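Go by the hints and put chain B onto chain A.
These protein sequences, in sequence, are chains A and B.
FYI, the numbering for the first sequence is 257 to 371, going by our numbering.
FYI, the numbering for the second sequence is 1039 to 1151, going by our numbering.
Read the hints as simulated data drawn from the structure, not as lab findings.
From a predicted model like this one, the values you see are computed outputs, not experimental measurements.
Take the hints with a grain of salt, since some may be wrong.
As the list claims (entries may be wrong) - To give an idea of the interface, some chain A residues facing chain B are shown, with a C-beta separation under 8 Å as derived from the structure:
{"hint": "1", "residue": "G284"}
{"hint": "2", "residue": "S294"}
{"hint": "3", "residue": "K297"}
{"hint": "4", "residue": "L301"}
{"hint": "5", "residue": "S306"}
{"hint": "6", "residue": "E308"}
{"hint": "7", "residue": "V311"}
{"hint": "8", "residue": "E312"}
{"hint": "9", "residue": "P317"}
Said to hold, decoys possible - Here are the in silico distance ranges between beta carbons for each label pair:
{"hint": "10", "chain 1": "B", "residue 1": "D1092", "chain 2": "A", "residue 2": "H329", "range": "37 to 43 Å"}
{"hint": "11", "chain 1": "B", "residue 1": "K1107", "chain 2": "A", "residue 2": "T272", "range": "24 to 30 Å"}
{"hint": "12", "chain 1": "B", "residue 1": "T1136", "chain 2": "A", "residue 2": "H282", "range": "22 to 28 Å"}
{"hint": "13", "chain 1": "B", "residue 1": "K1099", "chain 2": "A", "residue 2": "T272", "range": "42 to 48 Å"}
Ideal Cβ placement from N, Cα and C applies to all residues, glycine included.
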Amino acid sequence: ETGVTQTPRHLVMGMTNKKSLKCEQHLGHNAMYWYKQSAKKPLELMFVYSLEERVENNSVPSRFSPECPNSSHLFLHLHTLQPEDSALYLCASSRERTGDGGEQFFGPGTRLTVL
Amino acid sequence: AQSVSQHNHHVILSEAASLELGCNYSYGGTVNLFWYVQYPGQHLQLLLKYFSGDPLVKGIKGFEAEFIKSKFSFNLRKPSVQWSDTAEYFCAVNAPGTYKYIFGTGTRLKVLA
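Next comes chain B alone, as it looks inside the complex:
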């Protein structure tokens, strides 16, 4: 069965620290990949997405993610986090041509000022 694993459930960082959140998926075919973010008290919203082409994708607020097909991974990175990045981050996979989206369990990030 298709699944998405996010290895870090809780991450605490100080401001200006670098961030990397892991995401691995299990699916044999072509995939579309997403990172969504949920800031406290707000809706889930798209951070970035990968459909095809350059495996390094850039999103909003300085976030980027790299698709490594051989590792079935789509890790999220940010060189220097800010207090305002405190949120829950969700990785998701979609099989092209389907409406099925598979989400990970989420990673709660807390950035200390």
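This is chain A alone, in the form it adopts within the complex:
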């Protein structure tokens, strides 16, 4: 499979659950990103990893915990979420290692609903 894939595509969870979102890129890229997309709001950059090292962390609550075991995989571990965390979570990757602002390739997203 090519491009950026995300699983699951839809997730419903209670506030006390623990779940994980998975992202995989098949493009040989060096940087991976997590974004949150809420209705009527801009995409919010959450985390960035470059060569498996976290390089950006935008004041995201600790109930979101990223993990990047290698340059092809990115996870977002979710714990004790709130209803306002319901949103579309997008994963993206880019070729550049040095933050040169290259094109980002996006996955289809995971639609998360927190009850």
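Frame of chain A, contents of chain B only:
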């Protein structure tokens, strides 16, 4: 704080009409500028980008955008839209040398056949 404003949230046009979507950003330094598009049921994908050089950049499917530094603007244009251009369009800014991308709220374009 850095921000991107897209003034039109919803635009409805008839086929063959001309399109211009506004994008203004607030950032004092050099910027890289992007327009991304999301067609119904598809991923976000790059439409065009500006890094340096000619401020008029051309992208896929007949789209173009003009960077006007004095106005902090990067408006997207297409002379004649098609029904297949129905999509959501996002403007984004990146500060060179950083991984930080700032996106606008998006503009939903509907083209009537």
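Tested hints:
no.	hint	in the structure
1	G284	violated (17 Å)
2	S294	violated (10 Å)
3	K297	holds (6 Å)
4	L301	holds (6 Å)
5	S306	holds (7 Å)
6	E308	violated (14 Å)
7	V311	holds (6 Å)
8	E312	holds (5 Å)
9	P317	violated (19 Å)
10	D1092(B) - H329(A): 37 to 43 Å	holds (38 Å)
11	K1107(B) - T272(A): 24 to 30 Å	violated (51 Å)
12	T1136(B) - H282(A): 22 to 28 Å	holds (26 Å)
13	K1099(B) - T272(A): 42 to 48 Å	holds (47 Å)
The structure shown violates the earlier hints numbered 1, 2, 6, 9 and 11.
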